[in-house]
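Asker: From first to last, the protein sequence lines stand for chains A and B.
Going by the UniProt record's numbering, the first sequence opens with residue 1, and the numbers climb by one from there.
Going by the UniProt record's numbering, the second sequence opens with residue 1, and the numbers climb by one from there.
One or more hints might be untrue.
Since the list can't tell identical chains apart, any single copy or any two copies may satisfy a pair.
Unchecked claim - BS3-like mimics (lysine-lysine), calculated; alpha carbons at most 27 Å apart, straight line:
| # | residue 1 | residue 2 |
| --- | --- | --- |
| 1 | Lys369 | Lys406 |
| 2 | Lys83 | Lys404 |
| 3 | Lys406 | Lys389 |
| 4 | Lys99 | Lys420 |
| 5 | Lys151 | Lys369 |
| 6 | Lys369 | Lys121 |
| 7 | Lys333 | Lys498 |
| 8 | Lys404 | Lys389 |
Quick caveat, the hints were computed from the structure, so don't treat them as lab data.
There are 2 protein chains.
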Amino acid sequence: MTIEDMSSSPWAPLSDANFNRTIIDRGINLADLACLPISTGWFGKKEENRRLIKVQCYSLQGTANFYMRPIEGLTVLLDLDTKKVVHISDMGRDIPIPKSENTDYRYSKLNNKYSKVRLMKPISIEQPKGPSFEIEDGHLVKWVNWEFHLKPDPRAGVIISRAMVRDPDTGELRNVMYKGMTSELFVPYMDPTDAWYFKTYMDAGEYGFGLQAMPLDPLNDCPRNAYYMDGVFPAADGVPYVRSNMICVFESYAGDIGWRHAESPITGMGIREVRPKVTLVVRMAASVANYDYIVDWEFQTDGLIRIKVGLSGILMVKGTPYVNMNQVPEEEKLYGTLLSENVIGVIHDHYVTFYLDMDVDGPNNSFVKVNLVREETSPGESPRRSYLKANRHVAKTEKDAQIKFKLYDPSELHVINPSKLTRVGNPVGYKVVPAGTAASMLDPKDPPQMRGAFTNNQVWVTPYNRSEQWAGGLFVYQSHGEDTLAVWSEKNRPIENKDIVLWYTLGFHHVPCQEDFPIMPTVSSSFDLKPVNFYESNPILNMPPNFEEDLPVCRAAASA
Amino acid sequence: MTIEDMSSSPWAPLSDANFNRTIIDRGINLADLACLPISTGWFGKKEENRRLIKVQCYSLQGTANFYMRPIEGLTVLLDLDTKKVVHISDMGRDIPIPKSENTDYRYSKLNNKYSKVRLMKPISIEQPKGPSFEIEDGHLVKWVNWEFHLKPDPRAGVIISRAMVRDPDTGELRNVMYKGMTSELFVPYMDPTDAWYFKTYMDAGEYGFGLQAMPLDPLNDCPRNAYYMDGVFPAADGVPYVRSNMICVFESYAGDIGWRHAESPITGMGIREVRPKVTLVVRMAASVANYDYIVDWEFQTDGLIRIKVGLSGILMVKGTPYVNMNQVPEEEKLYGTLLSENVIGVIHDHYVTFYLDMDVDGPNNSFVKVNLVREETSPGESPRRSYLKANRHVAKTEKDAQIKFKLYDPSELHVINPSKLTRVGNPVGYKVVPAGTAASMLDPKDPPQMRGAFTNNQVWVTPYNRSEQWAGGLFVYQSHGEDTLAVWSEKNRPIENKDIVLWYTLGFHHVPCQEDFPIMPTVSSSFDLKPVNFYESNPILNMPPNFEEDLPVCRAAASA
């Protein structure tokens, strides 16, 4: 879909008299209508050979947060090219439109309300001598021990490429990752009814994760010390346009500790050595209609890359006749949580799949599963009966590297360079430190799951292939799941000592709660790419601590 | 053990001529000796009826980091009361003591070395108008919407009690947690040989997690804007002593986002509303000999409490004759990773078990498992074949609430107040959001695991009982596992609508890597206590954004 497709489709139903009549019959002024273009997905039928889209509408009356005022049950199927109405499903006329009260979230509409919590005094991250990074040629970021190329992309949002880290012993720049990006998202809602079953979004391939990234708010999306980068994308007619302040880059210091040791009262040596932890963050926030995804690539001086996804924005909610749980019959299926009168937050999952072309000290790498297993001792061997042992297994082909995490069969997952050993003979590597491990539990034969089959495993490894970058396929809109990561991986190609791509899916199950109404506090999850025997020793051993005399001198703002 | 036990035991072997002889025979000057008191654990034998301790030694020659220079295989068993040697196990004489080079971590020993990475410019968190919290009577912390009591404790380290949060709608203070603390730790090493099998530490009950918490470094352990609190503890003779700056309290701002929404190009409404995220952190760092544990209790304005444990400090390592992996025979068991010449980092686990006496809007609460299960649709019901459904199950007795996490049987775990419903009829509650879910895989019949049986599950719920606060038992040293959480929970007492205690274990498997040598970059994990239908709606909806005119005015320090 182009931006033009997305922004014109919602208005198309207004050319249909039946549509206008049902809107007016439901007591809604046509001028208060806000409608959304919803990707249709694919549901196992032979589809007509044309581009289709569904449109659902909301009432804007009394609030900017129309998402909380669904016109439930009304779904218009449009031809995406002609913008003609193909079908109107007109159900749910008995479901009231939820009230507008308490749904607006704009500060200008709220700030005269009495707040019963005490206010916070100003706080900020300050760097009066400026940032420690430079950006060369507009895209090459250099910070402490890191160098990488940063690019806004209409589909992936942010692309990090040629990430290299300087070795503290040799001073050399060493390759870590050739390219890293958000490859695809899969967001299935858990409601099989007429107006909801098709909500199984793939936000990168269908809507464009970068196309939906809006300008960042300079004092709130990123701290005051941030640098901003614009995106330049082609419109549908080929003319370039600028998306200003789409990405920010900043140094973060949260008061965390890089490393520390104090000698305890046991030895009484009086040693206390502590190093503060400062990181470099690259951030983008994509607003795919209601939802806001905050994507951070965080670089640490110890060589670690943390990839974090925050979910905020507004829920996609469903209208209901109920105003209290005590009205809901035992057998009734809500498919979610009653969040407010007549508003249900429908259960859904979020899967964000990352493409990580790792090049640890060069392109040819191997993927190693280090399995932790219980070993029982022989009788008389030890007063202990058991201990854990680490068994290394080098994955030979793709199927060896289709990983579903199991808590009671734990393993570390390493990408190593088998041709490069440390001084004492360990292969240099990086490991994936998982989190956000929610796994898709849909029926694998369910059409949405066939399209989102790249979430069948949490980790996959494929040999580099320039046509395999988008986990849901190159063309995702109305796709049938014939060109996904799951299909490619079934080829079971060799991956040992090859240029390999690691795929990681960060997963969230979201059972909404009232705190998510009318706008959601951010929920975050992250995974790490962490050096494992990549360095000869702790690479931040030589970093200095903070000294009082180096820190800035600040005063309260004149206005305060 | 008292601090006096711990600090006197390491010197006791010097009164034994055989001990001194083997030290000298190994080429070590007695003046260079550093020894550690190591809890003996219990290994299923009928023990002598006396207090015992083991002592192992290291060479301090050429480094303050003696931990990297083990005198491998030499273990002295002492009577802890008389300090007399009971037995000396004198093995490993053929294992060289690792070199001292590159092991020291003190800045004063490093700062004249050429650093090949570029330096960082000063960065700090600034609050020129001061913090937004007050501490009344030395212990009652009041910050934005939170109030809680904070106490240093010799065994638990930090105790948070009577944590209450102000409701933005009513202005009332609402109870969340009556008491929260680190109850016990369990740190089994995974090496069954003579000098290692007994390393199965329980750091709170054996060493005193608070007793090991040393004064924090004001500019590096906590940011510049921190407030410090002292601990006052009794010495063995009953005389109180002060542990200064044991706990810090500070506001943190990392550049994160509390909530946001921008209207996308789809609707083109030009809305962008973002709120920065500032949190309050309570921190302690315990140095249990080599290891440093950083424990954070982080309070958020949205009602969330994040409990985070960071691991840093120094590994407990093992001497080995090998200097390179190419010397290690295929069948040889290293029990860990070769980190440097003659140094093995032994695999181990860390389990940190928290006692959380939740009082959500009052003492009587219930524990609810919200299981997410796949529901298949009936033929013809929907174009979808499957969706996820949330099934609620209220735990009646303790065994209903013994939880081992499973990724493919996911559930949310709620502590609710069944007597208090929201406006639309949901029970008010808090949920546990797990992370750091490594589970103990030792044989449940292994004596260390019997003592550490509180790690048999990741979550337990017990009815409040004042004698059940220490998960490993009131008396842990040389205990036989007869008084653990696992034993209490087997009583299977009713827990529905009772004053209940939630127990959560944060687990880490640690397979050391070279980056951990000679001192470890911090590894952190955290879990959350998060409001779930506790508030009627987003409690931070009314928080203001940052405005430029409120932020501080800073300049570089004069010296810089």
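Asker: Would you mind marking each hint as holding or not holding in the structure?
Answerer: Here is how each hint holds up against the structure:
no. : hint            : verdict
1   : Lys369 - Lys406 : both (13 Å within a copy, 20 Å between copies)
2   : Lys83 - Lys404  : neither (42 Å within a copy, 52 Å between copies)
3   : Lys406 - Lys389 : both (17 Å within a copy, 22 Å between copies)
4   : Lys99 - Lys420  : between (64 Å within a copy, 24 Å between copies)
5   : Lys151 - Lys369 : neither (32 Å within a copy, 44 Å between copies)
6   : Lys369 - Lys121 : neither (49 Å within a copy, 39 Å between copies)
7   : Lys333 - Lys498 : neither (50 Å within a copy, 30 Å between copies)
8   : Lys404 - Lys389 : both (20 Å within a copy, 22 Å between copies)
In the structure shown, a violation is registered for the earlier hints numbered 2, 5, 6 and 7, in ascending order.
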